[in-house]
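As a plain string of letters, each chain reads:
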Amino acid sequence: MQRLIIALISGLIFGAGLVISEMVNPVKVQNFLDPFGNWDASLAFVMGGAVAVTLFTTHFIMKRKTPLFSDRFYMAVKTSIDRRLILGASLFGIGWGLSGYCPGPGIINAMINPSEAMVFLPALIIGGWIGQRYSA
Amino acid sequence: MLEAFPIQPLIGGILIGISAALLLAFNGRIAGISGILYNLLFNPLSSSESGWRIAFLLGLLGGGYLMLPAAFELRNGYSPILLVVSGLAVGIGTRIGNGCTSGHGVCGIGSMAGRSIAATVTFVATGIITVTVLRSFMA
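The listed protein sequences derive, respectively, from chains R and F.
All the letters of the first sequence, read from the start, carry residue numbers 6 to 141 under my numbering.
All the letters of the second sequence, read from the start, carry residue numbers 1138 to 1276 under my numbering.
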């Protein structure tokens, strides 16, 4: 139960952060990805602010043997930079640029711009399913 | 181009970082949205793990809802073909690349994972190339 409450609170803060930062505005995201044109550098502060917090906190959190409410840390097991990673990240970046949506802002746009989200989100899920089959 | 200091992006980013830190410190989990979504949808065998994923996604929607209305003009009449191709590419890419902006960009870089740094540099680079090419065609 306590883990569910933490997950809910974590999601609440994450969702609030995505809206406050305007990461949910796909035009602003595309402007961030347009340094040779109509560049809006302000979204660099979103990742900058988030990474500043996680760099600092992760260092201290990982000094513990276990999390506070769980038996272990579920960290990524892979460490090698392989072709799949680079291919996947490349495809993701192309998709991100084409619409200005990454998964979190895409989900929240179900409430902001449903006419776009009802096209983007099913395609995202089908894409994830295709990627899953390719992974298996 | 002088603008006011982007305080809202900074505050939003710090909130996202705090969210990821909470989930890691208490539950030992990575706040990677693509992974949370796909594991919920496609790995139902781990049903004991579905509860927290549902709670996180409900929270994500709720937290977003509390901050609405968003203070920007909605995009209108964007190409549905671009939206479909975009969704497919984001879906396939984040699945085979094991993460998106949150998992690699925020959590992975926060733990100084080489894979996440490589992934983030890659998706920002291909994102820039894509928008540059797209806008040169739309202009």
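Rather than coming from a laboratory, the hints here were simulated on the basis of the structure.
For each residue, glycine too, the CB sits at the ideal point set by N, CA and C.
Check the hints yourself; a few may be wrong.
[Unchecked claim] Estimated spans, in silico, between C-beta atoms of each pair:
hint, chain 1, residue 1, chain 2, residue 2, range
1, R, Arg89, F, Thr1269, 48 to 56 Å
2, R, Trp134, F, Phe1274, 23 to 31 Å
3, R, Phe41, F, Ser1216, 44 to 52 Å
4, R, Lys68, F, Ile1144, 29 to 37 Å
5, F, Pro1181, R, Lys70, 24 to 32 Å
6, F, Tyr1202, R, Asp87, 20 to 28 Å
7, F, Arg1212, R, Gln7, 37 to 45 Å
8, F, Pro1206, R, Pro40, 38 to 46 Å
9, F, Ile1218, R, Phe41, 18 to 26 Å
10, F, Arg1212, R, Trp134, 20 to 28 Å
[Claimed, not checked] Reference listing, derived: stretches of chain R covered by chain F, where coverage requires no fewer than 3 residues with Cβ under 8 Å from a Cβ of chain F:
hint, stretch
11, 27-40
12, 56-64
13, 89-101
14, 107-113
15, 119-130
[As the list claims (entries may be wrong)] Derived list of chain F stretches under chain R, where covered just means 3 residues or more per stretch with a C-beta under 8 Å from a C-beta of chain R:
hint, stretch
16, 1148-1162
17, 1166-1180
18, 1187-1199
19, 1255-1267
- Which of the numbered hints above does this structure break? 1, 3, 6 and 8
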